[in-house]
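Asker: With the sequences and hints as input, model every part of the structure.
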Amino acid sequence: MKAAVIRFPGSNCDQDCHYALQHVFGVSTDYVWHKESSLKGYDLVVLPGGFSYGDYLRCGAIARFSPIMKAVTDYANHGGLLIGICNGFQVLTESRLLPGALVRNRSLHFICEHRFLRVGATDNPFLNAAQPGQVLNIPIAHGEGNYTADEATLAELTANRQILLRYSDEKGVVSDATNPNGSLQNIAGICNAARNVFGLMPHPERACEARLGSTDGNLVFQSILNHLGVRAVA
Amino acid sequence: MNTTISLPPDPEITPAVIAKHGITPDEYELIQKILGRKPNFTELGIFSVMWSEHCSYKNSKPELKKFPTTGPTVLVKAGEENAGVIDIGDGWGMAFKMESHNHPSAIEPFQGAATGVGGIIRDIFTMGARPVFNLNSLRFGPITGNSPSVKTNRRLFSGVVAGIAHYGNCIGIPTIGGEVYFDESYEGNPLVNVFCLGVLKHEEIARGAAKGIGNPVFYVGAETGRDGLAGAAFASRELTEESKQDRPAVQVGDPFKEKLLLEACLELLTTDAVAGIQDMGAAGLTCSTCETASRGGTGVEIDLAKVPKRETGMTPYEIMLSESQERMLIIVEKGKEHIVKEIFEKWDLPYAEVGVVKDDGMMRVKVGDVTVAEIPARQLADEAPIYHRETKAKPAPKPLCEIPKTDVGLALGKLLADPSIASKQWVYRQYDHMVRDGTMVLPGSDAAVFIVREANKILASTSDCNAIYCSLDPREGARLAVAEAARNLACSGAVPLAVTDNLNFGNPHKPENFWQLRECVEGVAEGCVAFNTPVTGGNVSLYNENPSGAIDPTPTIGMVGIIKDESHVTTSAFKDAGDAVILLGELGDEMGGSHYLKVLFGRKEGVPPRIDFAKEIVLQNTLRDLIAKGLVKSAHDCAEGGLAVTLAESCICGEQTLGAEIDFGTTGLAPELLLYNESQTRVVISAAPENAEAVLKLAKAGGIAARRIGTVGGAQLAVKADGNEQRWKIAELSDTWYGSISSCMSEA
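For the protein sequence lines, the chains are A and B, in the order given.
Residues in the first sequence are numbered from 1 upward in steps of one, following this note's numbering.
Residues in the second sequence are numbered from 235 upward in steps of one, following this note's numbering.
Some hints could be false.
Some chain A residues judged to face chain B by a derived CB distance under 7 Å, without partners named [to be verified]:
1. Pro9
2. Gly10
3. Phe51
4. Gly54
5. Leu57
6. Arg58
7. Ala61
8. Phe65
9. His109
10. Arg206
Computed cross-link-like contacts, DSBU-like style, restricted to lysine-lysine with a CA-CA straight-line distance of at most 35 Å [to be verified]:
11. B:Lys311 to B:Lys849
12. B:Lys543 to A:Lys70
13. A:Lys171 to B:Lys809
14. B:Lys540 to A:Lys35
15. B:Lys691 to A:Lys2
16. A:Lys2 to B:Lys658
17. B:Lys744 to B:Lys832
18. B:Lys254 to B:Lys300
19. B:Lys580 to A:Lys70
20. B:Lys272 to B:Lys744
21. A:Lys35 to B:Lys568
22. A:Lys171 to B:Lys568
23. A:Lys171 to B:Lys867
24. A:Lys2 to B:Lys435
25. B:Lys931 to B:Lys867
26. B:Lys658 to A:Lys171
27. A:Lys35 to B:Lys580
28. B:Lys963 to A:Lys171
29. B:Lys580 to A:Lys2
30. B:Lys292 to B:Lys254
31. B:Lys435 to A:Lys35
32. A:Lys35 to B:Lys575
33. A:Lys40 to B:Lys580
34. B:Lys570 to A:Lys35
35. A:Lys70 to B:Lys575
36. A:Lys35 to B:Lys543
37. A:Lys40 to B:Lys575
These aren't lab readings, by the way, just hints derived from the structure by calculation.
The structure presented is a predicted model; accordingly, all values stated were derived computationally and were not measured.
Where is the CB? At the ideal position from N, CA and C, for every residue including glycine.
Answerer: This is the structure we're talking about:
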């Protein structure tokens with residue numbers, strides 16, 4: 001198995017994603033520069049967190065037009081596994097690889113903290129190692145993570161079991177009180193209808209080692225490995 | 235680019251123009267002597283920024299010499315380069331430094347604070363180090379209430395925090411700790427001290443010297459604009475009502491550009507193309523050219539026509555004094571220019587060859603063929619006049635005649651609600667404190683703890699200064715700040731290694747202020763000698779005044795230590811019901827300068843607590859031994875608010891809240907004195923019940939007082955002593971402590 005971590009000039013979680021894949025799971029992982037135009041030979045592509053091109057306009061709005069995103073789009077349209085974390089999720093919605101949009105947190109503040117997430121559907125490559133309803137402890141760190149979509153989109157997401165993670169309390173109860181950013185229906189992560197593209201605001205790569213407070217992020221990477229039929233070698 | 239340059243005529247140099255540049259008649263005489271002629275307008279501007287306090291330390295240099303700066307672990311000494319470097323073992327070093335952005339933040343809090351962060355990060359990667367975390371020490375006027383000044387304080391506080399978040403989050407360096415205080419003395423003159431730490435291999439240390447005659451000088455990074463004109467000189471004056479008009483002296487930050495600059499410079503430094511590198515911080519192009527020349531014992535000639543500019547029509551004066559952010563000067567090995575071009579084109583950053591290293595010791599500035607400034611670099615950079623300022627001691631603080639009484643039960647809630655003591659969650663939640671995957675202890679414990687993966691080293695870091703103590707007794711206050719920093723590190727399981735300091739004081743021309751500076755410097759020096767922590771650099775910020783007077787003297791101490799083993803990492807929160815609560819140190823009885831007096835009675839008075847370094851060192855060594863033996867489950871030092879606040883915080887600051895049943899037995903102390911005194915050299919720890927006896931025995935064998943004072947558990951904090959009992963509901967204490975700042979900030 002070979003993974004690619006896309007590097008926009010303002011990516012800043014690229015090294016953390018690389019570490020999780022390469023060192024925690026033993027997956028051979030390359031950085032791919034945003035000026036590249038090919039993703040041949042990869043089984044997984046990660047759009048990491050950060051501020052792709054400074055994001056002074058809308059997060060991910062410029063990244064959408066970068067050379068590598070054409071390759072990313074082709075790769076996804078051919079069924080390649082693609083995961084966008086935080087800024088990566090924003091890039092995915094801007095690129096229309098995922099529906100909806102991520103707008104400013106309702107508090108207008110950047111928020112960084114550990115959050116509980118309730119797992120929705122698990123019949124997908126990204127959470128098959130989890131149980132439906134399982135609660136994960138994974139940190140968030142964003143200023144624009146407030147997920148929004150029109151009613152038709154939301155109905156479709158629900159009907160197709162595309163809502164994979166919701167902000168909850170530690171018992172899995174989802175309510176406005178457990179919503180950190182104002183996201184529609186507490187949505188923290190969704191996948192596309194074809195189930196090969198996953199976008200989420202929380203950072204699984206920050207929850208891969210017990211010494212950093214949680215290992216729940218491993219479930220995401222483990223699920224991907226399961227799906228690809230790969231055993232972790234780290 | 236236009237090659238025929240018509241320069242506007244320079245303003246005439248009159249005594250008024252000289253005075254406006256902050257240059258005294260004597261200094262002007264000296265300038266004429268150095269040049270052998272009258273300076274032109276550009277040269278006058280260059281001298282004014284280089285000889286400002288901010289760049290030259292002309293008022294504080296004789297004092298700074300008192301700091302211990304050497305030791306077996308010091309790889310780069312204070313003052314030698316942009317930041318000091320300390321050995322952390324296995325061929326790795328750390329570069330770290332603290333710097334102030336007080337004045338800009340008072341005028342424009344968001345950009346003022348943001349560019350402060352940008353500046354300190356550049357200081358670190360200029361050394362060749364990859365920045366791995368930031369801290370900050372912030373001080374504002376009170377934020378509780380509804381007066382216009384309180385509203386201004388809230389606006390400043392909120393803007394500064396947002397500015398730090400904006401810059402640090404975008405560039406991807408976690409802000410993992412620090413301190414925030416609120417006090418009347420900072421009204422109108424907030425303190426924004428920012429800290430950055432980076433790591434590097436010993437052989438990667440980069441130097442800021444213009445080496446190699448004939449080597450080309452490159453300008454890289456953002457284009458030069460008119461922002462931040464003469465910011466260093468602005469920072470070396472008192473703030474007044476008219477300071478708002480100095481807004482052009484505040485720079486505007488672009489963290490994305492700095493991220494590119496950081497990556498490009500670190501990439502370039504892995505090649506052999508760099509002969510010298512220096513960031514353009516205070517005094518911009520001026521400072522970087524004359525300092526690199528002075529360090530290299532060379533000269534540097536630059537052509538301003540080649541400098542990338544953001545706007546047209548800039549005069550040489552403006553270009554030389556601009557403090558536009560995100561720029562660096564790089565001396566390139568001749569023949570390796572193509573490497574610079576490749577890397578900076580990859581990162582889409584402007585670069586230009588603007589000059590050359592010469593052998594004549596001059597800083598020569600040209601526009602095309604016209605020389606617009608020509609100054610001996612060494613005299614400009616290193617030979618600013620040094621002033622030995624007059625001092626006048628303030629009267630020694632009077633001991634308290636009586637300790638005022640109040641409801642001791644309610645007092646704890648009021649102390650926990652005081653924004654200086656309350657949880658800073660509202661602040662650190664806005665900072666990305668987890669990026670780079672190394673934050674082992676989240677903000678809110680005694681020290682920030684970070685594992686640097688590439689070096690496999692665990693570093694602990696803290697910033698401390700109780701300025702009430704310093705205002706009452708500057709020398710003792712400074713000693714206490716160093717001791718507290720070391721104690722915070724010990725509580726997290728770390729051995730202190732080194733210190734950076736940020737000396738924030740009032741106008742040094744006022745003898746009382748200068749006396750405070752001297753006393754504090756000597757106090758810091760005594761502390762650093764005692765704890766064997768050399769000072770590796772820092773910053774001096776004088777002229778911190780508002781119309782009602784100087785700030786409380788605030789020598790902020792940033793201390794870094796190392797934790798030898800992952801299992802030694804310790805936090806301040808109680809862990810499990812049934813654990814024994816043990817006090818290391820005495821019960822204490824010193825109430826002078828306490829938060830009890832300040833918060834409940836509005837009094838900043840009395841003799842602050844005394845510190846006995848020998849005893850303190852024994853305590854810290856004993857604590858580290860206990861931690862290394864695996865006997866300690868939590869450790870929290872006694873600071874503002876005394877034992878009661880320490881116990882309450884250990885109950886509520888963890889992932890889960892836990893109560894505690896405490897019984898002091900017979901103490902003979904009045905309840906308020908027992909609960910709220912701020913005597914030093916005390917730590918509250920918790921231990922598994924089966925280990926309690928061993929802890930007490932080892933502590934006593936180590937020569938430190940130790941007593942079991944209770945047990946963790948329940949939904950209340952209960953404290954019995956001398957036949958009295960106080961009970962507080964943990965949920966209420968927790969709501970108060972966590973909610974205080976956010977409820978202040980939700981007011982209009």
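Asker: Now tell me if each hint is right for this structure.
Answerer: Taking the hints in turn, this is what the structure says about them:
Below 7 Å, beta-carbon pairs count as interface contacts, and Pro9 (chain A) has one with chain B at about 6 Å; its hint therefore holds. For the restraint placing Gly10 (chain A) at the interface with chain B, the shortest Cβ-Cβ distance is roughly 5 Å, inside the 7 Å limit, so the hint holds. Look at Phe51 (chain A): its Cβ gets to within about 5 Å of chain B, closer than 7 Å, so that hint holds up. Of the supplied interface hints, the one on Gly54 (chain A) holds, with its beta-carbon coming within about 3 Å of a beta-carbon of chain B, less than 7 Å.
The restraint placing Leu57 (chain A) at the interface with chain B is violated, with a minimum CB-CB distance near 11 Å, outside the 7 Å limit. Because the smallest distance between the Cβ of Arg58 (chain A) and any Cβ of chain B comes to about 14 Å, over 7 Å, the interface hint for this residue is violated. Taking 7 Å as the C-beta cut-off, the interface hint given for Ala61 (chain A) is violated, the closest approach to chain B being about 14 Å. Given hint, Phe65 (chain A) at the interface with chain B, is violated; its Cβ is 14 Å from that chain's nearest Cβ, farther than 7 Å.
The interface hint given for His109 (chain A) is met, as the beta carbon of that residue sits about 5 Å from the closest beta carbon of chain B, less than 7 Å. For Arg206 (chain A), the interface hint holds, since its Cβ comes within 7 Å of a Cβ in chain B; the closest pair sits about 5 Å apart. Of the supplied pair hints, the one linking Lys311 (chain B) and Lys849 (chain B) holds, its CA atoms being roughly 29 Å apart against a limit of 35 Å. Distance restraint check for Lys543 (chain B) and Lys70 (chain A): the Cα-Cα separation of roughly 34 Å lies within the 35 Å cut-off, and the hinted pair is therefore satisfied.
For the hint pairing Lys171 (chain A) with Lys809 (chain B), the CA-to-CA distance comes to about 21 Å; that is within 35 Å, so the pair holds. Restraint check for Lys540 (chain B) and Lys35 (chain A): the C-alpha separation of about 28 Å stays at or below 35 Å, so the hint holds. Pair hint Lys691 (chain B) plus Lys2 (chain A) holds up; C-alpha atoms about 30 Å apart against a cutoff of 35 Å. As the CA atoms of Lys2 (chain A) and Lys658 (chain B) are separated by approximately 43 Å, the hinted pair breaks the 35 Å bound.
At roughly 26 Å between alpha-carbon atoms, Lys744 (chain B) and Lys832 (chain B) fall within 35 Å of each other, so this suggested pair holds. Between Lys254 (chain B) and Lys300 (chain B) the alpha-carbon distance is near 33 Å, which keeps this suggested pair within the 35 Å criterion. Only pairs whose Cα atoms come within 35 Å are accepted, and Lys580 (chain B) paired with Lys70 (chain A) is accepted, the gap being roughly 19 Å. For the given pair, Lys272 (chain B) sits about 31 Å from Lys744 (chain B) by alpha-carbon distance, which is consistent with the 35 Å threshold.
For a cut-off of 35 Å, the pair hint linking Lys35 (chain A) to Lys568 (chain B) stands: about 29 Å separates their Cα positions. For the hint pairing Lys171 (chain A) with Lys568 (chain B), the CA-to-CA distance comes to about 65 Å; that exceeds 35 Å, so the pair is violated. Proximity of Lys171 (chain A) to Lys867 (chain B) is assessed by CA-CA distance (about 27 Å); at most 35 Å being required, the pair is judged to hold. With a C-alpha separation of about 30 Å, the suggested pairing of Lys2 (chain A) with Lys435 (chain B) holds against the 35 Å cut-off.
Proposed proximity of Lys931 (chain B) and Lys867 (chain B) is supported: the alpha carbons are some 17 Å apart, at most 35 Å. Distance restraint check for Lys658 (chain B) and Lys171 (chain A): the Cα-Cα separation of roughly 27 Å lies within the 35 Å cut-off, and the hinted pair is therefore satisfied. Restraint check: the Cα-Cα separation between Lys35 (chain A) and Lys580 (chain B) comes to about 9 Å, which is no more than 35 Å; the hinted pair holds. Restraint check: the Cα-Cα separation between Lys963 (chain B) and Lys171 (chain A) comes to about 24 Å, which is no more than 35 Å; the hinted pair holds.
The suggested pairing of Lys580 (chain B) with Lys2 (chain A) holds, with an alpha-carbon distance near 25 Å, which does not exceed 35 Å. As the CA atoms of Lys292 (chain B) and Lys254 (chain B) are separated by approximately 18 Å, the hinted pair is consistent with the 35 Å bound. For the hint pairing Lys435 (chain B) with Lys35 (chain A), the CA-to-CA distance comes to about 30 Å; that is within 35 Å, so the pair holds. Restraint check for Lys35 (chain A) and Lys575 (chain B): satisfied, since their Cα atoms lie roughly 17 Å apart, inside the 35 Å limit.
For the proposed pair Lys40 (chain A) and Lys580 (chain B), the alpha carbon gap of about 22 Å is at most 35 Å, so the pair holds. At most 35 Å may separate the alpha-carbon atoms for a hinted pair to count; Lys570 (chain B) and Lys35 (chain A) meet this at roughly 24 Å. Restraint check: the Cα-Cα separation between Lys70 (chain A) and Lys575 (chain B) comes to about 27 Å, which is no more than 35 Å; the hinted pair holds. A hinted pair counts as satisfied when its Cα atoms are at most 35 Å apart, and Lys35 (chain A) with Lys543 (chain B) qualifies at roughly 26 Å.
The suggested pairing of Lys40 (chain A) with Lys575 (chain B) holds, with an alpha-carbon distance near 29 Å, which does not exceed 35 Å.
Checked against the numbered hints given earlier, the structure breaks hints 5, 6, 7, 8, 16, 22 and satisfies all the rest.
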